[in-house]
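**Q** Each chain, letter by letter, is given below.
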Amino acid sequence: MDFNDTPKEAAFRKEVVEWLDANAEKRDPNDTSAMGMFSEKESPEMIEECKAWQQKKADANWACITWPKDLGGRGGSLMENIIFSQEEAKYITPANIFMIGLGMAGPTIMVHGTPEQKKRWLPDMLRGDLVWCQLFSEPGAGSDLAGLRTKAVKDGDDWIINGQKVWTSGAHYSKWGILVTRSDFDAPKHKGLTYFVIDMEAPGVEIRPIKQITGGANFNEVFMTDVRIPDDQRLDAEGNGWAVALTTLMNERMSIGGGMGMGSDLLVGELNRLAETCYVDGVLGKDNGAVRQKIAEYYSRLKSMELTVNRTLSALSQGGMPGSESAILKLAMGLLLQEVAAFAMELQGGMGAEFGDESSYAGGLWQELYLGIPAIRIAGGADEVQRNIIGERLLGMPGEQRVDKGIPFKDIPTGA
Amino acid sequence: MNFLFDEDQDLLRDTVKKLLGDKATLESAHKHMESGADYDKDLWQLMAENGYQGIAIPEEYGGAGMTYLDLAVIAEELGFHYAHTPFASSIYGAAEALVVAGSDKQKNDYLPRLASGELIGTLAFYEAGGRHDAASMVAEVSGGKISGTKVPVCDGLCADIAIVSAKGDKGLSLYIVDLSQAGVERTELRTMELVRKQANITLNGVEGELLGAEGEGEALLEQIVSRAAGLTAFEQLGGAQRALDMACGYALERWAFGRQIGSYQAIKHRLADMFVKVEMARSNCFYIGWALTSSADDIAEAAAVARISAIDAYSYATQENIQIHGGIGFTWEANPHLFLKRMKQQEAQFGSAAVWKERLYKVLANKAA
Chain D
1 MDFNDTPKEA
11 AFRKEVVEWL
21 DANAEKRDPN
31 DTSAMGMFSE
41 KESPEMIEEC
51 KAWQQKKADA
61 NWACITWPKD
71 LGGRGGSLME
81 NIIFSQEEAK
91 YITPANIFMI
101 GLGMAGPTIM
111 VHGTPEQKKR
121 WLPDMLRGDL
131 VWCQLFSEPG
141 AGSDLAGLRT
151 KAVKDGDDWI
161 INGQKVWTSG
171 AHYSKWGILV
181 TRSDFDAPKH
191 KGLTYFVIDM
201 EAPGVEIRPI
211 KQITGGANFN
221 EVFMTDVRIP
231 DDQRLDAEGN
241 GWAVALTTLM
251 NERMSIGGGM
261 GMGSDLLVGE
271 LNRLAETCYV
281 DGVLGKDNGA
291 VRQKIAEYYS
301 RLKSMELTVN
311 RTLSALSQGG
321 MPGSESAILK
331 LAMGLLLQEV
341 AAFAMELQGG
351 MGAEFGDESS
361 YAGGLWQELY
371 LGIPAIRIAG
381 GADEVQRNII
391 GERLLGMPGE
401 QRVDKGIPFK
411 DIPTGA
Chain Z
1 MNFLFDEDQD
11 LLRDTVKKLL
21 GDKATLESAH
31 KHMESGADYD
41 KDLWQLMAEN
51 GYQGIAIPEE
61 YGGAGMTYLD
71 LAVIAEELGF
81 HYAHTPFASS
91 IYGAAEALVV
101 AGSDKQKNDY
111 LPRLASGELI
121 GTLAFYEAGG
131 RHDAASMVAE
141 VSGGKISGTK
151 VPVCDGLCAD
161 IAIVSAKGDK
171 GLSLYIVDLS
181 QAGVERTELR
191 TMELVRKQAN
201 ITLNGVEGEL
211 LGAEGEGEAL
221 LEQIVSRAAG
231 LTAFEQLGGA
241 QRALDMACGY
251 ALERWAFGRQ
261 IGSYQAIKHR
271 LADMFVKVEM
281 ARSNCFYIGW
291 ALTSSADDIA
301 EAAAVARISA
311 IDAYSYATQE
321 NIQIHGGIGF
331 TWEANPHLFL
341 KRMKQQEAQF
351 GSAAVWKERL
361 YKVLANKAA
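Just so you know, the protein sequences line up as chains D and Z, in that order. Mapping the first sequence onto the numbering used here, position 253 (from 1) lands on 253, and the numbers just tick up by one. Mapping the second sequence onto the numbering used here, position 96 (from 1) lands on 96, and the numbers just tick up by one.
Just so you know, the hints here were simulated from the structure itself, not pulled from any lab data. Positions of the beta carbon are idealized from the N, C-alpha and C atoms, including for glycine. Hints should not be assumed to be uniformly reliable.
To be verified - Dumping the calculated BS3-like pairs for lysine-lysine here, alpha-carbon to alpha-carbon at most 25 Å:
no. : chain 1 : residue 1 : chain 2 : residue 2
1   : D       : K191      : D       : K154
2   : D       : K286      : Z       : K362
3   : Z       : K18       : Z       : K31
4   : D       : K154      : D       : K410
5   : D       : K286      : Z       : K367
6   : D       : K175      : D       : K118
7   : D       : K90       : D       : K56
8   : D       : K26       : Z       : K367
9   : D       : K90       : Z       : K31
10  : D       : K154      : D       : K51
Unchecked claim - Covered, in the sense of this in silico footprint (three residues per stretch, anywhere, with C-beta under 8 Å from a C-beta of chain Z), are these stretches of chain D:
no. : segment
11  : 289-296
12  : 307-315
13  : 399-408
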């Protein structure tokens, strides 16, 4: 066990820092704008900035450190990847709108795609030329994702798609989507699914923004009416869509959980600043025992999160398989951030619910964070789903008794 | 960067697991509770023959000179198996006090015998009121003799020496006190955890050997307690893991309403929450294990986060383990209460979560300044 870089890692870090110094501006360590979520205004300019930064990284071969070289990656290690992320976080860079592509669709295509499909999609994805989105959830299929009803019917060399998807982040600026459909309503629910890559600009795809509790509209509902998808955009066999979707979901948990390990110093630094200016019934926050206790507790929990990410990566880099462990991170982080943000707002006293004008604390940063957090606890598998994963796959508990197993999908009760 | 134990440490764990699995069973813990023995002398001897006590003590002082991570492996397994020994008091406490503050002569005098298990040491910091902060201490040194009452002293009945804090002209200092001398009175306390005996030790003008510089007691005490608490966190982690394992075992074994109770989300989700807390504590424990081995500047922070999260995981796991067991979990005969009681004993021994949160806050504030 050694938390420090090996000489080889130190040399890699130096190379990363040199490149970042030459290509980006260093962030003020006390700048809290990195904490914002769902606050970016997704203007066309912002999308272009994100793409430009990704292309700059791609030109210097930093875009996908762990991807194999023949797909345009660096062929580097997971530890090198985390080193790059740690250093990149210290610079002012645009938001990452490529997570669904690089973190989910890419790894799924690598496992389930044909050589032609890999060549067709992965290099473009890596350069950030084209953005990807995910079409999984439906109005009637959230945690019970395999209950989805978007219909795929074979028609010559094409498939015809009809149905509706929801919670599709970034659909409005994406070129490609990963899509799970039902191709057989007579098969049991997990057997009748087929997985596609869909062109979001194809005729019959209609995207409508959904206004969120934050007031923004980062995600959408997507209606598909007689959309034609060529059969060469099917990933893996007809009827094998559930296995493909599981690959995506596993990578989703990993990218959500893994991306959350950083920022304990930033968050706690911000809480400490708050404690120096806020008053609890006339007593300065930093002189109030309850405030000090909370700040210490949150630091301890954030630190353990950061170290758990590193432990998981160490296990992976020593040949372990990415498993259900990332469920721990996703579950713990959403709950923790919700508590931290709520506490920070409590410290702001009467101004706790105010944001967005000059009199609000830090420009309403904590309020924005607080409103965004329910999404972390729901997206990518709700807390309850993560607990099932931990309970059943890691602790060996029996599954729930179910009434939807082994019968044709069309016979499953829906309450409708 | 590597955030895992290495292969040799994994092998060490297998060996320790085997030894403790054979000798430190819960059946034997129940027997020891009934017999009232101070500790399991056969197990202590066997551990010494395998070099456990001296694993992290430098070779020049009779130890094996391995790292604190190796010691951490043993600590975690001692917690998991509910071993009935004064290991924590003697090794994380007294031996660490000598490593931190001892002169070369004192290290030569005591460490080899602590390493071989021949001598048992403990820390005697607490005084009435359950405080161990310097300001609260009443024990004093006058004319070179120490007087005062230390309570509770863990393993205070079987210990041969104690590291005692006492006030003199120059402030608080630490002393090595031979507990076999006249003027030392020990009485057993009525305590929750029946295989880790607690004592009241009254010192009536006894001899003590100054440990570290005179008047430096407060700073030394802070360092020693950080190390002892950090290593104890691994025992707490092991105990929390055991409570979780027991709860999982029972959830599979017990049926209700025609199904295994582990198939109900009310139980399964609680087990998942226990698991998350245990894994979070494990990560912070790794931090103190690494800091003690390789990064002294991080010890204060790492000990605090390890301690805070280990207390959290251990208390949640042991309380919910009883709940998941239902009525049988409330019986003396079943095992869940053993870990609940040790959890409370270990929480009390080196400072509660509230103490460590306050300390951590100060560390963070200093870091920011």
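**Q** For the segment 289-296 of chain D, does the count of residues with a C-beta closer than 8 Å to a C-beta of chain Z reach 3?
**A** holds (count 5)
**Q** Are there three or more residues in the segment 307-315 of chain D whose C-beta lies closer than 8 Å to some C-beta of chain Z?
**A** holds (count 7)
**Q** CA of K154/D to CA of K51/D, is that 25 Å or under?
**A** violated, 35 Å
**Q** Below or equal to 25 Å on CA atoms is what counts here, so check K90/D against K31/Z.
**A** Judged against 25 Å, a Cα distance of about 58 Å means the pair is violated.
**Q** Do the alpha carbons of K154/D and K410/D lie within 25 Å of each other, as the hint requires?
**A** holds, 19 Å
**Q** For K286/D and K362/Z, compute the direct alpha-carbon distance and say whether it is at most 25 Å.
**A** holds, 10 Å
**Q** Cut-off 8 Å, C-beta pairs, minimum 3 residues; does the coverage of the segment 399-408 of chain D by chain Z stand?
**A** holds (count 3)
**Q** CA of K175/D to CA of K118/D, is that 25 Å or under?
**A** Given that 25 Å is the threshold and the Cα spacing comes to 16 Å, the pair holds.
**Q** Next pair to validate is K286/D with K367/Z; report whether the Cα-Cα distance is within 25 Å.
**A** holds, 15 Å
**Q** Are K26/D and K367/Z close enough, with their CA atoms no more than 25 Å apart?
**A** Roughly 21 Å between the alpha carbons, so the hint for K26/D and K367/Z holds.
**Q** Check whether the Cα positions of K90/D and K56/D lie no farther apart than 25 Å.
**A** This hinted pair holds, its Cα atoms lying about 17 Å apart.
**Q** Would you check the hint for K18/Z and K31/Z, treating anything up to 25 Å between C-alpha atoms as holding?
**A** Satisfied, since the Cα-Cα distance of roughly 20 Å is no more than 25 Å.
In this structure, the hints that do not hold are numbers 9 and 10, in rising order.
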